[in-house]
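K.L.:
Okay, here's what each chain looks like letter by letter:
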Amino acid sequence: MSTDDESDAGTPPASTDARVDGDDDRDTDAEGAAAEASPPLSIRDIALSYGDGDPVVETDRLEVPAGEITALIGPNGSGKSTLLKSMNAELTPDRGAVTFDGRDVEEYDTTELARKLGLLSQEHVAPESTTVRELATHGRYPHRGFFEGMREEDYRAVDRAIERVGVEHLADRQVGDLSGGQAQLAWLAMVLAQETEALLLDEPTTYLDLHHQLRVLDAVSDLNEDYGVTVCVVLHDIGQAARFADNLIALRDGEPYEWGPPDEVINEQLLRDVFGVEAEVGFGPNGPRVTPRRAIDE
Amino acid sequence: MAGEPRETGEAIPEVNNPLSWIDTSLLTVIAASVAVVVVSGLVQVSFGAFTMSITTAWASVFDPAVWTNPQVLLRLFLGEGFGNAVASALGISTAAVDLSKETLIVWQIRMPRVIVGVIVGANLAVSGAVFQAVTRNELASPFILGVSSGAGLAILLTLIVFTGFAAFLPLVAAGGGAVAFILVYAIAWKGGTNPVRLILAGVIVSTVFSSLQTGLFFFADDLGVVQSAIAWTTGSLTGVDWEQVRMGLPWTLVAVPLTLVGARQLNVLLLGERTARSLGMSVERVRFALSAVAVLAAGTAIAVAGIVGFVGLIVPHMVRQLVGSDYKRLVVACVFAGPALVTLADVGARLALSPAQLPVGIVTGLIGGPYFLYLMRKQDGLGDL
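Taken in sequence, the protein lines are chains A and B. If you read the first sequence in the working numbering, its first letter stands for residue 1, the second for the next number, and so on. If you read the second sequence in the working numbering, its first letter stands for residue 1, the second for the next number, and so on.
Quick caveat, the hints were computed from the structure, so don't treat them as lab data. Honestly, I wouldn't trust all of these hints.
What the hints assert, rightly or not - Here are the simulated distance ranges between beta carbons:
(1) A/280 with B/284: 49 to 59 Å
(2) A/50 with B/79: 30 to 40 Å
(3) A/92 with B/39: 56 to 66 Å
We put the CB at the ideal spot given by N, CA and C, even for glycine.
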């Protein structure tokens, strides 16, 4: 709901002021757990491409609302990860901008951005002998000066992250000895130790067994509930996205097909148009339930 | 809100200790390395043209006349003039000290070889360790990446053509090494790089630079220069003097501490470019700065002893097996294990074909080649760190 109201409120090709106003509205909307909400990510009139190629993603406007969980869904190659890269200033847009807390992410100093915005990528390449605690400690990197050692608050942050993810018992184990799911939790602990106001997660549940999928998602949604951290996550499983996220952004061929709360976004039409599957959508107590039937020939 | 502590009110665990990263494996490596260096050093100073029993040699090393007169050590390490100046500035006597013949031979002629061996080993090992992290490639080392050949070429050019720059040999060598490294990276770059391409590019650049080195011999005026040039290209500690110690030590004291300070950056670099970036690192800048330090370290080693191959490859790898991949531990261990390997190899170089002496680079090459082969066979994905 909130996003739709929003888009009405803030549609005019917006001066910065109008945008800020919009954000205020949302804060009152998204009351509840997040007493002081984290900043939102806003995307305005953006075009993203790699090298000189055609734009991979083009969209007029998208919002990752403050203090809420937003899931990017869409088939392979629809531009989900590309969009995520622009939010982390990894990819400079051909035009337009992503603003975080009212400022273009490209304008942030890299360290400054890393203190406010964390990314759990799919790139997990720590040396095998790194322990889980050492890995989590790297999350404090942006908070420490070049010559600074670990301060008390850094140790605390690492402990909190390890505890929140529930890997205390693995803290002294080497990453090379962990299962894929345990390793993912260790990496999540690193990102949480960053203690950022917003989190970007790139397919955090892909290739994990069900138990660890839920562990990852639970840790993130607890964090969102307790501290109002803004979350943007790329997910492959539509049902999972619907249960987990407050908002969905469905991408098709680099353009948003639909966005809003799961029960407004997910329907049979969307599954046909975006994912190319015929499916039944039922509504349970926990939001929409998707039962895929068959793939539609193109 | 993220700035505020998320209180859990629990006690800080005992890991909250700035020296907690020092563990028994590291201490073991340090102790063993120091033992190897001391024993190799003692063996080294016992042999030479002037025959001396081992006990006499050892007695000379620990001659109280040297150790109780700091001006003697200052003069050796800093040179006659500067050493005296420092001694008087510190209020130490600058009086001449009468040393026995044995002590003079050991301290003036034989000790420099051991100390230069230590300098070379530490620099090459540290340089290799940094290159391995920067390229995220276990097979990287100054030798493999062409840095050595670039530095060697620059040194030969200085010795044969631009003789005026001889005083700045470490800087010249670092400059040549930097040029070679940039060339290798440029050749290997194709929207990113990978271990195999880097190594192939290193082979290409090394081959060309080695040819240029050999070509330079034809422009040398006299045979003496050619001979010393050949000694450079194989890497030799024969005939090194306190002058080499004075030339290499200052740069070592720059490069090694900088690497230690950079250990945390190296650790984060090992998490991959994307993660390092998301943690707020300016990846390209850090990589460039650390590579520069590694090139300086390699250049220093090469300037004082020529191209001693494979030390930068073997030492970080062996050490990693023992202390793990944490770069704080790894760099410290390299600073000790590198000298151990070089001084030990130099004992081999002196004794293998006694009384003839081999260049130490031949010995490290004989150890390093098979070790490189072993690494290649053992690794599934070639060299990905």
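K.L.:
For each hint, tell me whether it holds in the structure or not.
P.N.:
Verification of the supplied hints:
Restraint check, residue 280 of chain A to residue 284 of chain B: a C-beta distance of roughly 51 Å satisfies the suggested window 49 to 59 Å. Take residue 50 of chain A and residue 79 of chain B: their Cβ atoms lie about 58 Å apart, and the range 30 to 40 Å is violated. Checked against the given bound of 56 to 66 Å, the beta carbons of residue 92 of chain A and residue 39 of chain B, roughly 58 Å apart, stay inside it.
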